[in-house]
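Chains as they are written, first to last, in my numbering: chain G, 1 to 534; chain E, 1001 to 1310; chain V, 2001 to 2333; chain Z, 3001 to 3279.
One should not assume that every hint holds.
Selected chain V positions facing chain E (in silico; Cβ < 7 Å) [said to hold, decoys possible]:
1. Leu2055
2. Glu2084
3. Leu2093
4. His2168
Honestly, the hints are just simulated from the structure, not real lab data.
Glycine included, C-beta positions come from ideal geometry on N, C-alpha and C.
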Amino acid sequence: MRTLVIFAMAALLALTSLVACVEGPADSGEDVVLRVGTTKPFKTDSRFADYWYGVLSNLTTHDSLIKLGPDMTPVPWLAESWTISDDSTEFTFTIVDNATWHDGTPLTSADVAFSIQYYRDRDPQAGWMQDLIESVSVDGNDVTLSLTRPYGNLMTEFMTYSVIPEHVWGDVEDPLTYEGTDRTIGSGPFALKSWDAAAGLFVFEINDDYWRGEPNVDRVEFSVYRTMDALVMALASGDVDTWWDYSGEFPYTHVPPLQDAGDIEFATATFLGVPAALGFNLEREPMSDLSFRQAVSYAIDYQQIADLVFAGYGSVPTYGFVPPTHANFNDDIPQMEFNQAKAAGLLDSIGIVDTDGDGIRESEKGDDLTLTLLTRGDKTSIVRSTEMVASNLRAVGIDSTVKALDTSTWIATKEEGDYDLVFFRATPWGTLMHASNASGYFDARRTGGGVLHNFGAEEYLDACDARLATALPEEQAELDRTIQELHQRYLPGIALVWIESVYPYREGWENWTIDHIYGGVVNSFSWFTVTRKD
Amino acid sequence: MRYLIALFVIVSLGFILPRLMPGDPLMNIVGEEAYYASGGALDELRSDLGLNQPLIVQYGRYLGGLLIGDWGYSYLYLRPVFESISEHMGWTLLLMLPAVVLGAAIAAVLGGLAAWNRGSRKDAGLTGAFLLAYSMPHYWLAMLVLFVFSFHLGWFPLGKATSGAASSLPYVVDVGWHMLLPLAVVTVFKAAYDFLIVRSSVVSIYGEDYILMAQAKGLSSMAVLFKHALRNALAPLLTVTAIQFGMIFSGTLLIEVVFSWPGMGTLMYDAIGARDYPLLQAAFLIVAICVLIANFVADMLYPKLDPRTR
Amino acid sequence: MNPLLQVRDLHVHFDTPQGVVRANAGVTLDVIEGESVGIMGESGCGKTVLFLSILRLQQPGRIVAGKVVFDERDITLLPEADVERIRGRDIALVPQNHATALNPAYTMRDQLAEVVAVRESDGRLATVLGRRATSLDGVYLDEVRDVFRDLGFTEERLLNRLLQSYPHELSGGMRQRVLIAMALLAKPRVLIADEPTTALDRATRAQSLGVLRQLNDRLTMLVVSHDLDAIRKTCGRVAVMYAGRIVEEGPTSDVLANPLHPYSRLLIAAQERTRGVPLPEVFTDTSDLIHVPSGCSFHRACPQMITRCVEVEPTMHDCDGVSVACHLYEGRL
Amino acid sequence: MRLPAFIMQNRAAQVGAVVLLAFVVVAVLGSVIAPHDPWAHFGPFESPSSVHPLGTNDVGQDILSELLVGAGVSLSVGALAAMLAVGFGVFVGLVAGFRRGVVDNLLMGLTDIVLVIPALPLVILLAAYLGSSIWNVVLVIGVVFWPSTARLVRSQVLTVRQSGYVESARALGAGDAWIMRRHVLPNVFPLVISKFVLTVAAAMLMEASLSFLGLGDPMVKSWGMMLHYAFGRGGFIQGLWWWYLPPGLCIGLCILALTLIGLAFEGESDPRLRRALER
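If we strip away everything but chain G, and leave its shape as in the complex, we get (with noise of 0.2 Å):
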């Protein structure tokens, strides 16, 4: 019996001490109010400190210079205007003069040159600044930045900084562990009222004097699941209006429900990244030999990844790696092909043959050829993917063993380069990284979590400083073209798939602009065009 006392005042204690913590803000009357349904882990309302909430606040409460538009180029926002230096070294941006902080104080180009002067000395995420920026510099509403060299993709990097306050930054050592409440103050359409990590639920307010006019939804709530089945089966009944994920692509696993479930429909686009790939060992024989590339790319059935992966979503993508959706989509490289007969020519040309008829192709050293897959394990749509490759390299005589890790230690593992094919995604925002085109991951030079940095051919790495060196948009669209030849033409690495992603919503929102960076339909141009019938 005393145990029980003894229990039950615990659980008490434990319940009221929660009560405590948190408050449940009271809603009002006929607002439009877009719940929107994430899995994305987030931790805190820091947008330092949390990724995603930092990504999350890029679209709610802060504003950057400029967005990249639906046609993938930049659109004017916080910067009215701009000029860019022949020599692309200087880059000006003309502020407007009716933004406002939350708080009220308006925002001002030194604001402007603050924060972006703040990232370069203080967000490890901007390391890259470090040695780029030489100096920012304030005239009225112009802000100048001066750069060590020549920078061309500036204008894309620059659209996910978003400009802070410095009268609540100023004085912030180290913005990852700040704590104070005016972290959340930006200058965006909304300002967070809430984020309650009981309840998994952000609350944004609308921002009444949002200096781009208001926005047509007076409250927008982030709801946090933890599965996505929790969160379709939250769509389907009604708990949200619409799915947000950055960077992450709408398991078409789970469409049908939403299709029975009679109310939501579904917007389309063609994904920006590629959804699942696979990068080779250059350091390794037989990968570092084009034509075993080449018979491994022979090998693939990639319009049986497109329809049982990705349901029939997905199509086949060509040599050039990156989908149309790129502003200077090089449409003269040919599709990828499946064709067996191929792969096992030119296995066959280079040596690679079973010898010992045992279905097992040997190497020059005369062993059987057995490759190792290292995939995402927490990416069942990738590990199927390579589970598809597997089998298709087993048909041309090349086994394999598959090695599905948890990120961190992919990650690790890609790192030490303990590995012969290496299965990964290019996030949109990824594939524009670096000289766009997806070099982010392949460059050499690179470093970082996600990036294979496994190709080193003089001819690439030039083009990518080349292409790196101008802003001015006809140069980037002709080395743009000719990045994604020189990926054909050495093939680091394979696009399995490129997908149309689907951005399911609730019947009665209408008018969603599709933002290929941001998510889809929940996006910053969204909060303006998007109207609730009643």
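Using the hints, position chains E, V and Z against chain G.
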């Protein structure tokens, strides 16, 4: 003393194991796509977090910190580990303690009845049912429950601990509503486990002369069961519960994931994924301490339940 | 006059992995109000099963035939509720093993009070958890005092300590007294004493024998025991059991002085030697209860076996006041 | 004591044995009786038909075939892990029991500690560390589940040692080995068997949990992995019960059968028998 040694080993284990794992904790701070041609700021961060020092130094710091109640700093949450843990711990206990008590109570009553009517249809039914529950994969059953009661019937929320903004109803009621399903599932598994214990101990207690005596005194069978037999089955049940504690934590972990419950389970799972060393150390430590406390409490209570051991 | 307790051709079977054990194979016994009957026999002879069946507590054993009539009512047929009312209040039990017969989790006060509560109302859960069953005061406390005085336990202070204490804190003698006290508190009409003197030191044995002797002028008793002294001192009549049957029965003095049945002879002789210490199972082979031998179940071990013993099962014959089931005495009057 | 005797006395155990036997047979014949190659691809998400009695999964693999082949994997994972755990447990228990003193204290200290560490998080940690090969899963589970066996065996050894006849046997110069063979093992055996059976169950459950969390071996068709995909790839959310129910039920049934058998070994016969018959 044994408790202390155990504690020390666990502290060390919690420190070593995560660091044995490949993977760079910083990766999770800067995100999957982030890249750092010049990683200056990262190295800075690394030294801020003391990750650049030799393990032994880190270990020393960690132990020292613990002694002065400093649990370290979470890379994942970028806040003192203790805050994150105490927050999540509350939720887990809120789920576990009632489940432990309820489960034990249910098991005691039904297990007793089953044992009393040993070999009867009632016994077979009860034992069968609990064995079945005992055998089902936790998360699988949890998923089914969520699917049926929350999704199809829509009686309960689709997971989480509260509806936050939508708590026009008093907060506690709201939480109660949210915790009902997960609580039920955890309770079922706890009960299933205890049921077997209670049943077998009551069955053996039936051999005791004092049971015969109680019957001979003219007590009704219910009276014998609940006053004399069960009373003596409590002690073993207590011991088992204490030993089980760690196991219940594990079980709760999966169920928390299914129900998006913001407890220790999900915390640990994320921490492991993110290689959040300090958080992992602390979480392991906390859980272990809970188990130790549970055992300690059991040792304290035992004599109350069994006078012979006074 | 009409016997208060009649056992008629009682058959009790137990299902065991090894087979069906015929623990009682046709026991017949009458107990007249006021008399006290002793039952002798070794471990496994079925005497325990006999009195368990009288209380209908023989489970998991099954009463397959025969009846137990108490006060004109056949206990084997009564609904459970009625049997519960008979247990304790009409037929009380002093169990054999004082070390284990008291619930280790409750104080003496609780366990005595429980008896009173049951006697005063009933044995339902509500009652035994109720106030009266847990506290012992007023008239009831006095009653307990009296009972213990009768048991030669006069000192008030000691009694209070006794009531506070748990079984494991008491000596064997004490526990034995408490058990007897519990039986008496129930004010039964029949008292079944199972091995009342085993596992007691000499002094205590003498004491509790004394107590039993006083008792048997007050109420009907059934004393199950190895102990000849116990039987001799407390019982007017004695029955010897073997392999689930009563093989000899008669006035204690006659039977003990001059046992007729060969088994009785061996048993009593052995008992004389060992002075009441329980016997190793010399004569009984419990497997006989499963594969019952033909004819007289004792013939295998019987020193005076005759061919007839193997073929025909002997029936009870009366020879001058003592009835015995043995072929040696057939036709003798 | 002969095992069959145990089982035969207990109807529940008989049921368990039959069920388990059925599963073992399936496990052995799995790939033979499977209607298709579980890796072959047909149309995705097909509902049950004569060709695919349990339909096909997200990548068009025949679910029945997966189930049949999975039986082998799941059972052997359980069995191997249990062998590892119980084997080690018995060893530790015996050593601790015989070698008393420091060794005993050390070993039992270790045992208690492992008992205290929450199993699943530890397993997740190790699994993530070792990578998700089926062998690692076995190893990891084995590492976590030995302590209870160790304690059990040790206590048995001690009780046996205490007992008079062993003491006297020692006095007559009997060695540990002899005592072990003659007295300890016979006593410990049924308990160990039951422990083993129950550990197999626990191990299977653990494998399923690991797979659910995505730490299983994707290149192996275990029931756990099937569930992992059923949940991860829409089978569950699409309500394809023929996909997500069978593996769960199979795991459940297997564990149920094992538990029934395991409990039978704890051999509870009605304690009231002794009292009634042997007095």
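Taking the hints in turn, this is what the structure says about them:
| no. | hint | result |
| --- | --- | --- |
| 1 | Leu2055 | holds (6 Å) |
| 2 | Glu2084 | holds (5 Å) |
| 3 | Leu2093 | holds (4 Å) |
| 4 | His2168 | holds (5 Å) |
Checked against the numbered hints listed earlier, the structure breaks none of them; every hint is satisfied.
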